[in-house]
Amino acid sequence: MAAISEKSAVGAHIAGDHRFRWLPFPPLTAALTARAERWARKRQGTDRRILRLRSGRIYILPTGVGLVFALMTFAMLLGSMNYNNNLSFVLTFLLAGLGFVAMHQCQRNLVDLEVSFAGADPVFAGQTARFRIAITNHSKHHRYNIQLFADAARSDTRDLGPGESRVFQLGIPAHRRGQAALERYGIRTLFPFELFRAWAWLHMDLSSLVYPKPADPAPLPPESQTARGHRQHDARGEEDFAGFRQFHDGDSPRHVAWKAYARSGELLSKQFAGADTSSQWFDFERVNDNDTEARLSILTRWIVDADRTQRDFGLRLPGMEIRPAHGDAHRHRCLEALAMFDEAKCMKAAA
Amino acid sequence: MKKRNGTDGSLLASLPWTLAALTFALLPHLQYLPAWIIVSFLACAGGRWLIERQRRRLPPAWLRVTLALSGFIGVFASYESVSGVGPGSALLAVMAALKLLETRQRRDQFVLLFISIFLVMASLLREQYLWSLPFLIAGTMLTITAWLRMSISTDVSIRDTFRTGGRLILYAAPLTLAMWIFFPRIAAPFWSVPIDSGSASSGLNDRMSPGDISSLSLSEAVAFRVSFRGTAPEPRRRYWRGLVLHRFNGRTWTGNEVTPDLRALESIQVRGDPVGYEVTLEPTQQQWIFALDIPYQWSLEKTFMGPQHQLMRAQPVDRRVEYDAVSYLDYRANVDLPRTARTWWYLDLPDDGSNGRTLELAKRMREVAGSDRAFIDDVLAMFREEEFFYTLEPPALGDNPVDRFLFDTRQGFCEHYASAFGVMMRAAGVPSRIVLGYQGGEMNPVSDYMIVRQSDAHAWTEVWLPEEGWLRIDPTAAVAPERIDAGMSSARFGEAGASWGLRAPAQWLYRLGLTWDAVNAKWNGWILGYGPENQTRFMEWLGMDQPSWRKMVLALLATVLALIGGLSFLLMRRYRPPRKDEAARLYRQFVRKVAIRPRDGETPREYAARIAARNAASARDADAIADRYLAARYGPPDAGSLEALRHAVRDFRATRAW
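Heads up: the protein sequence lines correspond to chains G and P, in order. Numbering-wise, the first sequence is residues 0 to 350 according to numbering that gives the first Met the number 0. Numbering-wise, the second sequence is residues 0 to 657 according to numbering that gives the first Met the number 0.
Incorrect hints may have been included.
Stated by the list, open to error - Each pair of labels, with its calculated beta carbon distance range: (1) P:ALA594 <-> G:ARG285: 51 to 57 Å; (2) P:ALA19 <-> G:TRP38: 41 to 47 Å; (3) P:ILE595 <-> G:ARG48: 15 to 21 Å; (4) P:ALA594 <-> G:GLU284: 49 to 55 Å; (5) P:ALA42 <-> G:ASP120: 49 to 55 Å; (6) G:GLY125 <-> P:VAL38: 55 to 61 Å; (7) P:GLU605 <-> G:GLY125: 57 to 63 Å; (8) P:ALA186 <-> G:VAL67: 54 to 60 Å; (9) P:ILE595 <-> G:GLY44: 20 to 26 Å.
Think of the hints as simulated: they come from the structure by calculation, not from any bench. Keep in mind it's a predicted model, so treat the numbers as computed, not measured. By construction, the Cβ of each residue, glycine as well, lies at the ideal position given by its N, Cα and C atoms.
In isolation and in its complexed conformation, chain G is listed as follows (with noise of 0.2 Å):
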């Protein structure tokens, strides 16, 4: 698989993790964290895309604030002690009982939730990839205050009702084409009082399409043919109305005829009679570039071009041929030849 991801600097995310930014010594704490990640996911192994938060994998530590109420406490612990006060004891065991309580609360808070994964969109490199985490709270009580993280990525934090069902976006930069991985995510909470972090860590191993950027500027596209031997499958321009046909996979969203759908509950696709029934091939060998990455990267950008304009295209990569065709399927079909493209494994195939 021709994934590029971000493997390589996991150690240095953590250590710019804003995490651990209040602690005396970030590094030791980068570094045991990353030993604790390696371990879960070896503990748990790889996840489902949907699956239920067991108790046995959610972790909890108390956080900053969280020390600081300890500490409160026994000292208030300590002055009751000194005289002997018992309102006062009271007072500082409530505060410890209610410590004790939050921890418990807070674990509880994730437990049997349901995660699963609801998608993620492909983007153009450089662009951030947002991948679509579904939460479901199947319990009869509330779900607060819950987030979901991964390295320095935060989805916003939102509460779940009973029976509630949320989709939070995790949104991760790529940077190049390929996948963006999202090889570890989780899911935390501080409720009720952020004294108490509790979290899981999953490892769905997903990922998202991440097509090559377009260039910008780029050299101008080759010049379109005119379609003559082609297979007149249909209409482009949409000069002249020239009555309805079956839908078919493929057809834009646009030509259907949707009055008429609501009407009789049968799909049919507007069809225009029209001059233009050109189309372009773009080939990758033609490119006037010498890079890989440049020639991909203007290639996007003709098809994107040629998309927004509603021209047929075809692409050439080598040993891999795309016939002219238009529409959002197609456009997504070269533009993932051109994100996952492999220069030598293509090379390999064509010889």
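Chain P: place on chain G using the hints.
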């Protein structure tokens, strides 16, 4: 771009609750704090709220620094110290006010909430009443409400927040109780920091100037409570000895600084039966310890007897203390008082010619009487038979107060009579001194103990006679015998009380007061007084064999662990998804009969189609089950559809070839 000092209204949901928690925690401190602190706190709190509402800017840094400096200097100037509860709570209030001015982020409020907890704690250190427990619970509740408002998202309703907070407190309550009961109490403090309660109003003065104060405030506050081992002595013998004054400058009686005197106890010859009792003394901030005249044994640590048989503690009574004591009501003391002590201490009168008429009168009466005994009786008779009045609001006396009192005003309370009597004795050569303490005490019928109130404070005289030692003479008894026989408290509610111009509250109110006091006494004894002894007793009652701190710690751990286990179980049940309904259960049963498992996210119909693809023979049955399942689970409530599903599942046979 965001303004650096600007506010964005993000604190609107939590700030009011933080302010409420702080204000509530400050309430018990109000009467002790200087007014400027309260005013500045309220100004900062109100100002901060307005700033947040109107999205204004926070005050600039230089202003905050200036305010902080002046605040701390102000506290130091007001208290001249920074240790102790008084300055401590003042500092906390100032810190809260200043922190409010720089609270920009949600999480800055943590500091404010910690301050509010410390303020509650400080008020508990200062005073513990019956309402202190509800106060601390309410204070904690408010604080954690603010805490939850701060840490959960803003669209949660306040009702939900209250419910969450209440639930968490309820969870914590058994843990609190267990820790409170089993945490081993130790007797001695590690270090001693004075706790000022600021109220010097209770207790007795260590000087007495009759005529300076023209009215005596009748404080209903409890001075101490007494439980007697046997029966209580009759009212006219309930003299609670406190301090002794022997120096008179013509106007004011004062005493010496008291030092321990080991021979004081030896100088007492006791007669009759001892009276044993336990005293619970309210804090006085003074060193005097009160006991029935005359104390013979006492159990309070660091307490000694002075040369004039007064009891004194080495450090002020700054919290409620309990002690056992034994007294003898019949005694002789200092029968062989040295001549020098008599002349130098107990016969000394100022020779500046003040109170001249009194001295003359005393000398004349002594000559007429012939003996000291007869002279004493004559003076008492004079008080009794001539026009002397007992009043709590006597006129002021000015110079020569004793002369003015004896010859002009003739109105006064115990101090006036004791002082005049003492001066007359000395003038006639009879050694005398003034004793301050309490006289009387009221039995609480609700729960068998005696209440002695501040209004029972009393002054009487002791005279020294050869062969007899010190004799207690109470001249007030000659003027107002009912004051002595029935006691101050009951006198107020009788006819005599009405004649003194005191309003008599309705009898039931009086009973209610006694009941309230009894509850308070129990509260003090069991909750506030849950010290090493009470704890040991309670542990034995619980069945612990020879309680020790080790055993208590073990019991503490065991109980807390068990409770946490219970809590964990409770929370587990709380968040467990509800039982799948019957339809889902039946469907699972069906799935178990089929050789292929449903995929993630596969609908029942898709699943049925997959079954049909694998095994055409089951197609119809699988379809039927899918339909019935969907009808039973998602259709309108109908017992029939569930029954149909049950039949279909039961009749489904997976025996056909797969």
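To see whether the hints hold, each was checked on the structure:
| no. | hint | result |
| --- | --- | --- |
| 1 | P:ALA594 <-> G:ARG285: 51 to 57 Å | holds (55 Å) |
| 2 | P:ALA19 <-> G:TRP38: 41 to 47 Å | holds (45 Å) |
| 3 | P:ILE595 <-> G:ARG48: 15 to 21 Å | holds (19 Å) |
| 4 | P:ALA594 <-> G:GLU284: 49 to 55 Å | holds (52 Å) |
| 5 | P:ALA42 <-> G:ASP120: 49 to 55 Å | holds (54 Å) |
| 6 | G:GLY125 <-> P:VAL38: 55 to 61 Å | holds (58 Å) |
| 7 | P:GLU605 <-> G:GLY125: 57 to 63 Å | violated (39 Å) |
| 8 | P:ALA186 <-> G:VAL67: 54 to 60 Å | violated (31 Å) |
| 9 | P:ILE595 <-> G:GLY44: 20 to 26 Å | holds (24 Å) |
Of the numbered hints stated above, those contradicted by the structure are hints 7, 8, listed in ascending order.
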